[in-house]
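Asker: Chain by chain, the residues run as shown.
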Amino acid sequence: MDSSPLILTLASIVLASTPLIIAVCGEILTERSGIVNLSLDGTMLMSAMTGFIVAFETDSVWIGFLAAMAVGAFFAFIVAFGSIRLRQSQFAIGFVLTLLGDDLSAFLGQNYTRIPGPMVSHYPIPILKDIPIIGPILFNQDPIVYFAFILVGVTWFWLFRTQPGLRLRSAGDRPEAGFARGVSINLQRYLYTILGGALVGIAGASYSLNIKIGWSEGITRGLGWIALAIVIFGGWSPIRGMFGALLFGATKALATYLQRTFPEVSVVAFNALPWVLMILVLLLVGSDFSERVISIAPKSMRRPLQRMLRISPPQALGSTFVED
Amino acid sequence: MQDFFSKHPKVWRAFDIFLPFLATLAALGVGAVMLMAFDANPVVAYGALLEGAFGSTNALADTLVKATPLLLVALGICIAFRGGVINIGGEGQLILGAVASTAVGLVNPDMPGYLLIPLALFVGFLAGGAWGAIPGFLKAYFNVNEILSTIMMNAIAVQGMNYLLREPMIDPVQLEAASRIPQTARLSAAFDLPRLIPTRLHLGTGLAIIAAFLVFIFLWRTVVGYRIRAVGLNPNASRYAGINVPRHIVLSLLLSGAFCGLAGAIQVYGLHHRMFTDGSASGFTGSAGFNGIVVALFGQLHPLGAIPASFLFGALIVGANKLQRVMQVPSSFIIALNGLVVIFVVSADYWRRRMAQRREADLVGEMTASSEAEVPT
Chain A
1 MDSSPLILTL
11 ASIVLASTPL
21 IIAVCGEILT
31 ERSGIVNLSL
41 DGTMLMSAMT
51 GFIVAFETDS
61 VWIGFLAAMA
71 VGAFFAFIVA
81 FGSIRLRQSQ
91 FAIGFVLTLL
101 GDDLSAFLGQ
111 NYTRIPGPMV
121 SHYPIPILKD
131 IPIIGPILFN
141 QDPIVYFAFI
151 LVGVTWFWLF
161 RTQPGLRLRS
171 AGDRPEAGFA
181 RGVSINLQRY
191 LYTILGGALV
201 GIAGASYSLN
211 IKIGWSEGIT
221 RGLGWIALAI
231 VIFGGWSPIR
241 GMFGALLFGA
251 TKALATYLQR
261 TFPEVSVVAF
271 NALPWVLMIL
281 VLLLVGSDFS
291 ERVISIAPKS
301 MRRPLQRMLR
311 ISPPQALGST
321 FVED
Chain B
1 MQDFFSKHPK
11 VWRAFDIFLP
21 FLATLAALGV
31 GAVMLMAFDA
41 NPVVAYGALL
51 EGAFGSTNAL
61 ADTLVKATPL
71 LLVALGICIA
81 FRGGVINIGG
91 EGQLILGAVA
101 STAVGLVNPD
111 MPGYLLIPLA
121 LFVGFLAGGA
131 WGAIPGFLKA
141 YFNVNEILST
151 IMMNAIAVQG
161 MNYLLREPMI
171 DPVQLEAASR
181 IPQTARLSAA
191 FDLPRLIPTR
201 LHLGTGLAII
211 AAFLVFIFLW
221 RTVVGYRIRA
231 VGLNPNASRY
241 AGINVPRHIV
251 LSLLLSGAFC
261 GLAGAIQVYG
271 LHHRMFTDGS
281 ASGFTGSAGF
291 NGIVVALFGQ
301 LHPLGAIPAS
311 FLFGALIVGA
321 NKLQRVMQVP
331 SSFIIALNGL
341 VVIFVVSADY
351 WRRRMAQRRE
361 ADLVGEMTAS
371 SEAEVPT
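Chains as they are written, first to last, in the numbering used here: chain A, 1 to 324; chain B, 1 to 377.
In isolation and in its complexed conformation, chain A is listed as follows (with noise of 0.2 angstroms):
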């Protein structure tokens, strides 16, 4: 077993990205249905807080991520019911749930800060887990990591490849044809709404139960956000949301190792280097530059860049749609 420290580096990346992969590909069903749930920091924290209580209560790490789904399922639901029933302001809505989030997870959780607790078993995958390079990285990890993989090609096949995918991007995309050729949407997105919902609290628990076990006021504080952001990154595609949250997660490992490398340089400028890189990163995807490169790329590129790069949003994206 190769055991270089590159190739720890890398699986301690692959590994830290998981949660981040299982959330945006959870926020990308939701907003594919044409919902945006905004308040994913504060899921996240709350289900990372339910999640370890409850396995710690229960001995169990499932029973944490099961309790973790039903939180993520049910913040989820208010933004839904809040959005489709109540008519209110999405964004409104998921924001105030993350400060509420963010709060309601210190208090109830304050009994539980810093104790250990049980965590998901290291688990690799016989066979796979020998070939070289590839083996230690991706095949001898939890079985979160192999769920986080499984979860974006299931995800990426739902969305693009049957029948029930394309129901659910037409309520995203074009509603009213949706509807008219049937399809009940807002039932499609109180659907996906709570499914991704219920994947957000698995993310939140993975954190707590797989990478920093136990549960601290604040620990994932930022990621729900940055998941928002790779999503747009992604083009609400999840194999490129899988390959952002890789790249998010390089990218601090890359941080941390230069903060090693370079002691006289002040810490802040490696803590906002994240955060620059995602307005960065947005301001690249956002901006006609993708464009210009497909441009200047000879003629046989042109397609297969035009579908790596162009990026579209849901169009009725954050719309709310009417039956009548």
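Derived by calculation from the structure, the hints in this document are not laboratory data.
A few of these clues could be false.
So these bits of chain B aren't anywhere near chain A, every CB distance computed over 12 angstroms [claimed, not checked]:
(1) Val-65
(2) Leu-106
(3) Ala-130
(4) Ala-178
(5) Ala-190
(6) Asp-192
(7) Leu-196
(8) Ile-197
(9) Ile-210
(10) Pro-330
Each pair of labels, with its calculated beta carbon distance range [unchecked claim]:
(11) Leu-25(B) x Leu-258(A): 52 to 60 angstroms
(12) Pro-198(B) x Ser-12(A): 58 to 66 angstroms
(13) Asn-234(B) x Leu-247(A): 34 to 42 angstroms
(14) Leu-258(A) x Thr-222(B): 48 to 56 angstroms
(15) Leu-280(A) x Pro-194(B): 42 to 50 angstroms
(16) Leu-50(B) x Thr-58(A): 40 to 48 angstroms
(17) Asp-110(B) x Ser-12(A): 53 to 61 angstroms
In this text, a Cβ means the ideal position worked out from N, Cα and C, and glycines have one as well.
Please build the complex by placing chain B on the supplied structure of chain A, with the hints as guidance.
Answerer: Okay, now just chain B, sitting in the frame of chain A:
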């Protein structure tokens, strides 16, 4: 009930205005159940809350002092929301305003107060505006989602503040001492905003209320304000009407950030008289940049509605401290209570709109009925 309101439109209008407050009472009712779950007597608890917020001149002054930054941030949020952009960067813009205005005071210690204070507040206003204009520019010309960019600008502002307060702007006394608490020196006492009565209440509260009226006049009585609202309501129609949409998006986020920056400057010159950090954003801001958004929503995104809304939330925060001391209830309870209040107000708004719709439908029904009666048969 519906009939009652149709017959008494004046009662309906009064009810309309007080609905947020009724919703607040309902939220406090749910909070009472939560208090009972903690084995706390809700009557005693809410008594302590009221006493803490309004019980004495000092308590009332503290409530107003807490409400001041909330009001200023809420004004900024109103401008942004009316312009169709969502500004979640209040924390960062507040920090920028505070740091920049503190620097002005530190660099010119010998300037007379009547010159320096306006200058410093203006610099704070500009600094917050500049920090808000960056996401505005990115949104208007590069299509970068402003919700995410403002959140990230917050994180960057916090890191910048931590650097400045630990290195170049640190109090020389702290530099000598081993403790090295990251804070600046106290600003010259000549720069303190005048106290209104012998309490902590300072002139900043008055400035904030004046600002609320100015923002109201700006948004509803000037051409630029009208354009900002037009862009917010319908960017496409505005473009066809000849309004430069990107420029007004930048302007609304710039002004939004500017009021948050002013809030930071007033916090420094009115209350703390120095800048400090605990490493996070809320250490200095007290989460005013976030709570101001809630205040603005509560005030129905109207600058004048933000005045009572900020007072209410200031009272909740100050009263909560007292409640916590008296009842030994965790401080997070009060924040959960704030969330409850917002959720109730939001749902009440839905109910109000539905009632209004029904009322209109009733009126239309009556009118058609009476016109039909006039038609000769």
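Asker: Each hint needs a verdict: does it hold in this structure or not?
Answerer: Hint by hint, here is what the structure shows:
Its beta-carbon lying about 22 angstroms from the closest one in chain A, Val-65(B) satisfies the requirement of being farther than 12 angstroms from that chain. Every beta carbon of chain A lies more than 12 angstroms from that of Leu-106(B), the smallest distance being close to 20 angstroms; the non-interface claim holds. Residue placement check: Ala-130(B) keeps its beta carbon more than 12 angstroms from all beta carbons of chain A (closest about 15 angstroms). For Ala-178(B), the condition that its CB be more than 12 angstroms from all CB atoms of chain A holds, with the nearest at approximately 20 angstroms.
No Cβ of chain A approaches the Cβ of Ala-190(B) within 12 angstroms, the least distance being about 32 angstroms, so the stated non-interface status holds. Residue-level check passed: Asp-192(B) sits 30 angstroms from the nearest beta carbon of chain A, beyond 12 angstroms. For Leu-196(B), the shortest C-beta to C-beta distance to chain A comes to about 31 angstroms, beyond the 12 angstroms cut-off, and the non-interface label holds. Against chain A, the non-interface label of Ile-197(B) holds: every CB pair exceeds 12 angstroms, the least being about 33 angstroms.
The beta carbon of Ile-210(B) sits about 27 angstroms from the closest Cβ of chain A, which is more than 12 angstroms, so the claim that it is off the interface holds. At roughly 6 angstroms, the least C-beta separation between Pro-330(B) and chain A is not larger than 12 angstroms, which violates its mark as non-interface. Between Leu-25(B) and Leu-258(A), the C-beta spacing of about 55 angstroms keeps the proposed range 52 to 60 angstroms intact. Between Pro-198(B) and Ser-12(A) the CB atoms are about 59 angstroms apart, so this pair conforms to the stated range of 58 to 66 angstroms.
For Asn-234(B) paired with Leu-247(A), a C-beta distance near 37 angstroms keeps the hint of 34 to 42 angstroms intact. Hint check: Leu-258(A) to Thr-222(B), Cβ distance near 49 angstroms, so the stated range 48 to 56 angstroms holds. For Leu-280(A) and Pro-194(B), the Cβ-Cβ distance of about 45 angstroms falls inside the hinted range of 42 to 50 angstroms, so the restraint holds. A hinted range of 40 to 48 angstroms for the beta carbons of Leu-50(B) and Thr-58(A) is consistent with their spacing of about 42 angstroms.
At about 55 angstroms, the CB distance of Asp-110(B) to Ser-12(A) agrees with the hint of 53 to 61 angstroms.
Hint violations for this structure: number 10 only, all remaining hints satisfied.
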